[in-house]
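Fit chains B and C to the given chain A structure using the hints.
Protein chains in written order, with numbering that gives the first Met the number 0: chain A, 0 to 667; chain B, 0 to 288; chain C, 0 to 272.
Just so you know, these hints were derived from the structure itself, not from any lab.
Ideal Cβ positions, reconstructed from N, Cα and C, are used throughout, including at glycine.
Hints may contain errors.
Derived CB-CB ranges, DEER-like [what the hints assert, rightly or not]: (1) Ile-233(B) - Val-205(C): 35 to 43 angstroms; (2) Ala-195(C) - Arg-156(B): 51 to 59 angstroms; (3) Asp-150(B) - Val-205(C): 53 to 61 angstroms; (4) Arg-130(B) - Leu-94(C): 58 to 66 angstroms.
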Amino acid sequence: MAQPRVVVVGGGLAGLSATMRLAELGVTVDLLSLVPVKRSHSVCAQGGINSVNALTRQQGDSEWKHFDDTVYGGDFLQHQPPVKEMADWGPRIIDLMDRLGVPFNRTPEGFRDQRRFGGTLYKRTAFAGATTGQQLLYALDEQVRRHEVAGRVTKWEFWDFLAPVLDDTGRCRGAICQDLVSMQFRSFPADAVILASGGCGLVYGRSTMSMVCTGSAISRAYQHGAAYGNGEFIQVHPTAIPGADKLRLMSESARGEGGRVWVPRTPQDPRDPRTIPEAERCYFLEERYPKYKNLVPRDIATREIFDICTTEGLSVEKDRPCVYLDLTHLPRQELDRKLHGILEIYEKFQGVDPRDVPMKIFPAVHYSMGGLWVDYQRSATGGMEEGSPRNHQTSIPGLYAVGECDYQYHGANRLGANSLLSCIFSGLFCASGVIAGSQSSKRTAAEESSRLFDAALRREQDRHEALLGRRGSGDNPYQIHQELGALMTRVATVVRRNEQLSAAYDEVCALEDRWRRCAVSDTGNWTNQNVVFTKSLGDMFPLAKIILIGALQRDECRGAHFKPAFAVPGLQATDEAARRREAEEWCDRFASNTARWLKSTVARPGADGHPQIAYEDVDTSLIPPRPRLYGLVGADLIEEVWRERQQASEARVGGTGVGSGRPLAATS
Amino acid sequence: MIAPNHAADSAPAADEGREIRVRILRQDAPGQESYWERHAVPYEPNMNVISVLQRIAAGARSADGRPVAPVTWDCNCLEEVCGSCTMLINGRTRMACSALVDRLLEEQPEEIELRPMSKFPVVRDLVVDRRRLFRGLERVKAWVPVDDSYDHGPGPRISPEEQEDAYPLSTCMSCGCCLEACPQYTKIEPVRREGETGEAFAERRQGAFDRGFVGAHAVSQAMLFNAHPTGKMIADERLEALTSAGGIQMCGNAQNCVAVCPKAIPLTRSIARAGRAATVWAIKRLFDR
Amino acid sequence: MNVSTDESAAASFLGRNQFLIYRLFSLSGLVPVGGFLAVHLLTNASILGGAESFQGRVDLIHSLGALLVPVEIALIFLPILFHATVGFMIIAGGLPNVGSYPYAGNIRYTLQRATGMIAFAFIVWHLIHLHWLGAPVRGNALPGFDPHHASSTLAVAMGSMVMNLLYAIGMLSAVYHFANGLWSLGITWGLWTSPAAMRRANWVSVVVGAVLAAAGLGSLIGVRRVDVEAARAMEGRREEMRRMLEGEVPLPSARMMETAVEPRAVESPRTGT
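Here chain A stands alone, though its shape is the one from the complex (with noise of 0.2 angstroms):
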């Protein structure tokens, strides 16, 4: 049989991996962007990128620490065999990425330098300066800039990707694509089609994320059936630039480096923060977590922010909420050895140097850890089978997602420098599958008959037009994206509640509507970005009411997903019994909770326009779960409590039990 051909759907690290694996072996790979490859969002990472290496291995660090530790900040809600594979292949990518020339940091020695990141004890970082994404990505794009020369890739940049093209059997036989120049359509037969097209910040309106980061490729595979899983788990970065137009993101690394998150303890104190004494400094994250200090996980971290500006009220400005993210204390070279391009980003952008004056930073949305939802054949050895045509499919079979627009990795909480990890990760890792894959179809692409893409490609152009055509209320798009962006930061983010929840959904139905009826501003057919966006903004509405959906029904807190109506406090009480009677309910209620709700939220597309929810079980079978602690009143106790239950219960079972093959579960 000839060598498939795969479309592979953005150009970030995801997508960029797969390519250059796909192409080394033999695929002919059509990679689509909508912009310049060298350009995606991948390059906004900073901080650095996780693996267990040679130094941490001898502080006692393993793969399976660093799996443990991502499953635990992930508070367990991911299946456990793809993030044991990962974090067993960090190594090999790390050393691969060194090969290809990305420019890591170094020790004097000339090996890899590594600095701490959060939700972690160990130095598992590797980085390069402050823009450690950026370097990964240009090392992949100049690879697959190799691979197209040789001609094994075919780059079509500014390309929007429309929809997938499925068969009578519901297979995904190609998709059809637009040229953001000419706005001409397209089709591309291919026997696999791998979407690695990011995340979906723009659904909050203003985030960390770049412009092309519009969820809409994502949405449409969802719109054509594809299974949606754990929308709700959005992670709102704790440290970012606040802005008119975006709000930069102000790297997890500052803090790895040593720096410091405070606020005066005298609400706006108007003095000038260096002149304010260390007695008057409320360093909160040191005060309430003494382990891990200013690198707990991204959740609690933002929770902490949030909270000490909005119910504390010691928001560093009155009238805009901040605190101090302080580096003035680390010695300058330092600083711009390891840090330099983070702190260009503040100076350039806020005007004033971060090496003299603490930042004012507040949290962002960051980091879409729900996405499309992917399949994996577990392994022998409880990892990942290599090669299996199910690793990475989505619930079409053909369609495959890798990278932040599949759910697989991070669960309720992505640990820092853990993203571009899972991006690079199962972008190489899915090539071999995604062959064997398109090598088991009976027929290949291009034969295909071609009367099923003149149909795809009509109903895209119909669409188009029929967008070009509306006589519009007067409403604009732009005007209505506000709207939903501020609505869902408002109600899902940080701290979400029943009643807004569920009113926002109304809302955000309100708004489609109000969608349906605007119209374009520009008619023309030649790079009209108007309508590009127009289309784009309506294939949020479907991701908003995912997210929303989702954080309506689950009503508990897990990582990102925090409910005060269920939030469990910690202990109480004083005496040492009653003290140790409270751990025991506690211990009950976390094990009732993990039961009812230790499952993935898996959204298909109902008929009516609004998302069917079910529920699927988590394979635990590697690390079974167990209480997430950070910085919690008497987790010394719970922690002694549940040990014990544990160990009680593996006498009693003789092992941790092995779960196999998972279906979706039934729609509850």
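Using the frame of chain A, we list chains B and C on its own:
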């Protein structure tokens, strides 16, 4: 891509009613006449050119209230790492995201002037076609020629000094500022002939690109990879490219590249190093022949 | 400017050898053209030491005799012509933008081109004005330069203020072009690569430029200081000496010393060698 957002922060009273006047050089499509159009948007503190353009796109009206097609421009990351939003702002090439309105108004209080880059063919309005820039990276083989992406252990040991030398070069985001400001880099805009196939045209265009000046960014990338222990295994191929038509010799040492580079990449150092390498290489080749 | 998308045979040749041609261009600016400029200006400056010292230097050059013309053609005229031809091609291919980017380096780049063009125009004029090559063009309209009567003929030729100004502009252009070209050449060939080294090299070229400019301006002043009558007398004496040494006239005697001030030396200066 555009996704305008009105700022949530409201302007302080002192700025109420103040307007920013913007003059934009527009062009509907390649080969068409360009024309100036004036716009006005309400002033807000801490605006950058992107947020001004977002408001213009959302309004889709010129300063005199005439409905116009929204202005088209390129942008993505908005934090000066993706290299998308290069344009001529008040006559100088820079990134629209990091061009803060307050500073532009200090420079030129009457109005802000926006033009597309002049060294690349205009696609529409402020969007230009920078394929030639990326072709430059292909010409100099700006990559490490690894065997494959399988596991072969770590990369070569590299001293901190080498890393600190390489890293700045590796932050080049292909924005094209260096090319725009270079007096030696001139526009190449072939027009498709009647009856010419798309492939034939693409080939002819590529030929023209390949005879034109490769540009500071590509020279610098060639030096980056020629310094890498594995990258240097094809150093000769890069020098061959750098000494062919449109190579390093085209540089006129105006040094605008380094002056306008938003990432302050030591481009002239790379150029001089390329000059040195080319000298040695050419002499060696003369004797090795 | 639009670059043609089709390649002619000539363009293809130039393209294939572009690197070599540009490097030869760069080199020729230093050796021999720049070197000649330096020697020429320093020789001229010897006029500050008096007409006799200047005449001595000129005589030294002309001691080459019949070899002088081929040497001039091979080492001076052809290299200048080559340097100028390629230079004009380079200028035609560039788009100076000092208005938008008024940075020091860019100003120098633009000046390099401007001074190159001025210097070339000046050299052509200079040849017409003073060199034997220009004799047919200038006819009798302009005084020329007689190497055997170097100072006096030069002083007459440089008599007007306008001429001095013209020479000052032309000479300073050539000096700037050379000194800045030296700095630029160092980058082109990779002699100085770091910004710090470039700054140091810049000082070297400033010093070179200053010395040559001083020499050039000094010679203009020196020429103005020449006492034409006295110079002629000196040149006459030297001419007699030369003739005697070459055996054209009998060996010296007291009588001859008296006749050395005979009217022959007051004829209008001759042109040519």
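Those earlier numbered hints the structure runs against, lowest number first: Result: hints 2 and 4 break, sorted rising.
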